[in-house]
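**Student:** So the protein sequences, as listed, match chains A and B.
If you read the first sequence in numbering that gives the first Met the number 0, its first letter stands for residue 0, the second for the next number, and so on.
If you read the second sequence in numbering that gives the first Met the number 0, its first letter stands for residue 0, the second for the next number, and so on.
The set of hints was computed from the structure by calculation and includes no laboratory data.
As the structure is a prediction and not an experimental result, all values here were calculated from the model.
Each hint should be verified, as a subset may be incorrect.
Sample of chain A residues at the chain B side, in silico, Cβ under 10 Å [as the list claims (entries may be wrong)]:
#1 H18
#2 L37
#3 I98
Quick reminder that beta carbons are idealized off the backbone N, C-alpha and C, glycines included.
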Amino acid sequence: MDEKHKQRVRERYQRALQHGEKFWPDSIYKDVLVSFALFLLLVGLATFVGVKPEPKVNPNDTTYLPRPEWYFLFMFEFLKFIPGSIEWVGAILIPTIGIVVLLVLPFIDRNPYRHYSKRVLALSVMGLIVLDIVLLTVMALVPAPTPEQVFFKNLQRLAGLTIPGLTLVVLFVLARVVREPASQRKAMLVVTGLAALGMIGASLATVFPLAASAPPKEEEQIFASVSEQIAAGQDLYSTYCAECHGPEGRVTEIQGVEGLDGRIVTAINSNDVMYTFTDETLRNIIRDGWPESGMPPFGMELSPNEIDALVAFMRYTWDDRIEAPAEAQAGGIPALAEGEVPSYDVHIEPIVKRYCLSCHRPGKENNNYLMTSYEEILTTGDNAPNLVAGDMDSILLQVIQGHEVEGKTGTINVMPPNGKLIKDEYVQMFIRWVEAGMPQTADDAAAAAP
Amino acid sequence: MASKVFEWLDERLGLNDMYKALLDRPEPEGTWWNTLGSASLFLFIMQGVTGIFLLMYYTPSPDHAYDSIQYIMNEVAFGWLIRGIHHWGANLMVFIVFVHMLRVFTTASYKYPRELTWVIGVLLLLTTLGLGLTGYLLPWNQRSYFATTVATEIAGLVPFAGDFITRVMRGGTDLSALTLSRFFATHVWVLPATLALLITAHLYLIIRHGESEYPSEED
Numbered sequence: 000m001d002e003k004h005k006q007r008v009r010e011r012y013q014r015a016l017q018h019g020e021k022f023w024p025d026s027i028y029k030d031v032l033v034s035f036a037l038f039l040l041l042v043g044l045a046t047f048v049g050v051k052p053e054p055k056v057n058p059n060d061t062t063y064l065p066r067p068e069w070y071f072l073f074m075f076e077f078l079k080f081i082p083g084s085i086e087w088v089g090a091i092l093i094p095t096i097g098i099v100v101l102l103v104l105p106f107i108d109r110n111p112y113r114h115y116s117k118r119v120l121a122l123s124v125m126g127l128i129v130l131d132i133v134l135l136t137v138m139a140l141v142p143a144p145t146p147e148q149v150f151f152k153n154l155q156r157l158a159g160l161t162i163p164g165l166t167l168v169v170l171f172v173l174a175r176v177v178r179e180p181a182s183q184r185k186a187m188l189v190v191t192g193l194a195a196l197g198m199i200g201a202s203l204a205t206v207f208p209l210a211a212s213a214p215p216k217e218e219e220q221i222f223a224s225v226s227e228q229i230a231a232g233q234d235l236y237s238t239y240c241a242e243c244h245g246p247e248g249r250v251t252e253i254q255g256v257e258g259l260d261g262r263i264v265t266a267i268n269s270n271d272v273m274y275t276f277t278d279e280t281l282r283n284i285i286r287d288g289w290p291e292s293g294m295p296p297f298g299m300e301l302s303p304n305e306i307d308a309l310v311a312f313m314r315y316t317w318d319d320r321i322e323a324p325a326e327a328q329a330g331g332i333p334a335l336a337e338g339e340v341p342s343y344d345v346h347i348e349p350i351v352k353r354y355c356l357s358c359h360r361p362g363k364e365n366n367n368y369l370m371t372s373y374e375e376i377l378t379t380g381d382n383a384p385n386l387v388a389g390d391m392d393s394i395l396l397q398v399i400q401g402h403e404v405e406g407k408t409g410t411i412n413v414m415p416p417n418g419k420l421i422k423d424e425y426v427q428m429f430i431r432w433v434e435a436g437m438p439q440t441a442d443d444a445a446a447a448a449p
Numbered sequence: 000m001a002s003k004v005f006e007w008l009d010e011r012l013g014l015n016d017m018y019k020a021l022l023d024r025p026e027p028e029g030t031w032w033n034t035l036g037s038a039s040l041f042l043f044i045m046q047g048v049t050g051i052f053l054l055m056y057y058t059p060s061p062d063h064a065y066d067s068i069q070y071i072m073n074e075v076a077f078g079w080l081i082r083g084i085h086h087w088g089a090n091l092m093v094f095i096v097f098v099h100m101l102r103v104f105t106t107a108s109y110k111y112p113r114e115l116t117w118v119i120g121v122l123l124l125l126t127t128l129g130l131g132l133t134g135y136l137l138p139w140n141q142r143s144y145f146a147t148t149v150a151t152e153i154a155g156l157v158p159f160a161g162d163f164i165t166r167v168m169r170g171g172t173d174l175s176a177l178t179l180s181r182f183f184a185t186h187v188w189v190l191p192a193t194l195a196l197l198i199t200a201h202l203y204l205i206i207r208h209g210e211s212e213y214p215s216e217e218d
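Chain B extracted, bound-state conformation (with noise of 0.2 Å):
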């Protein structure tokens, strides 16, 4: 009966053909080094699942954020441990992201024919480290109001450009209730839209050229 099924199923969507493509793949030999790219992607896909969580119970206006996460923490079964989670794994998956890199560097896996899956790869450590960024305003504490104010001050350094960018990232002049809403909607919509689609075209390229083996003598 579960062979019938298979084979229906098969039939239709083709599950061996993808089984030998993804899954059945002669690999170079690797080491413990080779997991930290799966790691980051463990780590993004549990920032998701937490953050939908939270997502919930949160409110992005100035005059509800920190007290809804009081009630994730304090009142929400669980609350704590799904931001707890959610809150180190932020940190966890820039320093496996950022570990990743000096890996694929010092093994030079980013040369022929690898030079797009690490152009990739870059983008995909900016797009973490924006997640960060804009996640860091979310709680509106005392921490994160600063720390926001400092970054979006930095911005308004950028030559001729600067006061425009500070003013689109503050929604004003000063960080308000239009800050807070827009950093909201890029950390929950904007950036993790962006990772997940660099992410699917990082993964084909993997596909596509196999996993780097680690440089012999001749290399």
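Extracted from the complex, chain A is given alone in its bound form (with noise of 0.2 Å):
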């Protein structure tokens, strides 16, 4: 660059000066608006959308699916389309020669000019490259083509890297090629809007489809407080731990599980175990099991979160020093009120839960009888029905009164068995709800009161 267009740089800027504005509080008065109003959005997006709850860190979850921020969404598009094999020119190379080259910038842009017109080259690859973040990122955005959509595949790899690739060879080849400044503006603008036009019918022609195809997610619960944890910790305990440790963990030998059967444990509700293990202690256990003792693992099953949620039960449920939140009473099952018939979903269910569940689910040993809803507990079971309206000899009825009943099976056990009942409270919850016909909801069992 030589002097004289230094100097006439310098001479058309004081003359922009001349009639422009004052930094105070001309410009000033635009910036305080703008960042005034990017405050007012966050607050908005704070308060409005928040931050997506996320689970706690659990690296042995496999089948954890990593998300970059959004963005960086483009760049992990982009990688799909390199081969494994040479995967370091798509993830490092080209990111380091793109910074190189925006780091240096103003030194190999040596066209003087600084007009739109004279600077279409320029423009242009700005151009393509922007809408190429900006496809990569839409396609980052829907779920990736399967194996067998090759057709999809090929064309995303259309729009996001041959395309735009080819484009910005062949405009610089233009550059140098037609040296006549209207033709070669009029090429490049011509190039580079049919480049673009194909870039963005390729990709869209693949997002549509793909999106349309997104299977509904699965979303991990994460429990906003300690009532809930200790709501979830009460379900996640019956199912999981009340086999061997009883409903209210008392169980001290444990019986009729499988492998199991025989052992001395502790008695995971005594003061021997909640004064000496802290939180810690018992998430580890939970989590990474103790072999010596013939606790299983777990930190497959439950996540982070229904660990802690499992620990919190525990914890307010039995340590008599931590008095458990207003709200929580955990386990939820009411108690019934005089003549009031009681149904499946406000009585039973939570009964069936804390003390059935355990083995009464799918993959567990017991006569094909499932326990999970109200259709389950009427229709299952090898010596089915366990339960008939009305009657007072149904075997469900039975067995938990402490009577041993002659099945399809053979003898089938008091239940539940490790030896004793549950409440006669409960008892006789089952009692009345199987005489006024076994009603479901709430409104079924006040029509049936008498």
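Since each chain sits alone in its own frame, please combine them into the complex, following the hints.
**Tutor:** Now the structure itself:
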């Protein structure tokens, strides 16, 4: 750049200042206004959108699909076009070249002119790259094509890599070959325009079908409060722990559990456990197991949030030094009022959850009697029906009152099997429920009341 | 009385000279697109302020990081607001800085005499991305853990030095407490200090050369 050109630049700038504005207050006024608008936007986003809750770290969860921040998504998508053997080209080489080019841009771009009409090459290159970044980000937001969807895969590669790459080459060739400014400008604009249309068309042709095929996603449970944790912990305890440790954590000798029958264990609701184990220790034992005592690890089945919930349930229910929050009356089996007819939803389900479900769920030895829903309780099992409306000799009613019954499969044991019947209050609930015709909802129960 | 105080201060601090040098400057006519730089600066300041608040409750250890953020969100008065602003501010800052760069490119404002302003601007963009990357790990949740695993794996693809770089970033072969404390120190100290220095240089250059004018037909 020669001195004469620099001189011209300075002179024109001085002229621009003549009919310009003042930094204070003209520019500052606009700056403050925009900043204030951004501030309101941030408060709005924080209040109405918030931060999406995420489960705690669980390095064992190999199914977790990692996703980068949205502003790195385009890189993530771009990498998919590069074969794994030369991954470093896409992950390291191209980004490094990009950064270096950006850094030294003022020294590469020798074009002394500033007006848009005299910078068609630079603006075309920028336009293509920005468009590619936007399209790659959009493609990263919809599900990736499956290995069978080769056509979509190729189309995406065309839109994200082939067209922009080739167009960049063509633009630089045009800059060398076509020297006449007006026709050069025209040629570049036509090439860029066509390329942009091709990129948009090809990527949108894949984005819409892929977006429509997205499976609904399952969200991991995140507990907002201690009460929610305790309630969830109660359910988890009944499902995963009660089989060995009993519904109240009292068991000292495991009975009727394959592989662990007769094993002597510490009652986990005792002060011995509650006073000497910290939450951290309990979490570790649940996650990693305790092989010497027969305790299996649950780290693969339960997420860290769920383990936290279990520990919270144990602590608030059994540790007599701590009082549970008033709204979190763990277990939630409501007492029956005088003359009230119990319903499945309100009374029976919580009892079943706490005392029966740990064995009467799929994958356990239970004569195929599953108790996870109202329908299952009435209909499943090798000895079905286990419950008949109004029939006081129903198998389930008999066994929970401590009587063995002869069924199709032979002698049916007293339930629960560990020798300790559920509270008489709960047995009475079952009896009154069957008497009233086993209503499912609270409304049905009210209608069945005398 | 007030004018006397002002005179006394002006004599010692040079308030009038400062006013003339910093605020009372002529500028070419600007548009709303010229507010993106100051908007980026504003967002950086917001990130600094909210970040300092978060720092008072956040614990950079694997055992407590997640819980300390739950505590900020659920227990601390307006903790959810501060965290929300910090979270969204980070996203907005990357976006605004990027659009700011596009504006400067489009109007060719990186040309003589503002080449260095551009170079420092690119460094500012990279530092902002670095802040985003390091801040992402701090909540110590599933998303941050696995995203950082991938990011440090990608750094491992650098020919020859890859392994070494990954080990330096992670503080070992795997993500651990060391990784968290490294990212934490980088996020709250190294990068913000770098950013502040770069911003100072950027602003000095802007005041020295003045804001660029929009190109006319003859430029």
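**Student:** Could you run down the list of hints and mark each one as holding or not?
**Tutor:** Hints, one by one, checked against the model:
A distance limit of 10 Å between C-beta atoms decides the matter here; for H18 (chain A) the minimum to chain B is near 7 Å, and the interface restraint holds. With 10 Å as the threshold, the beta carbon of L37 (chain A) comes within range of chain B, its nearest partner Cβ sitting at about 6 Å, so the hint holds. Look at I98 (chain A): its Cβ gets to within about 7 Å of chain B, closer than 10 Å, so that hint holds up.
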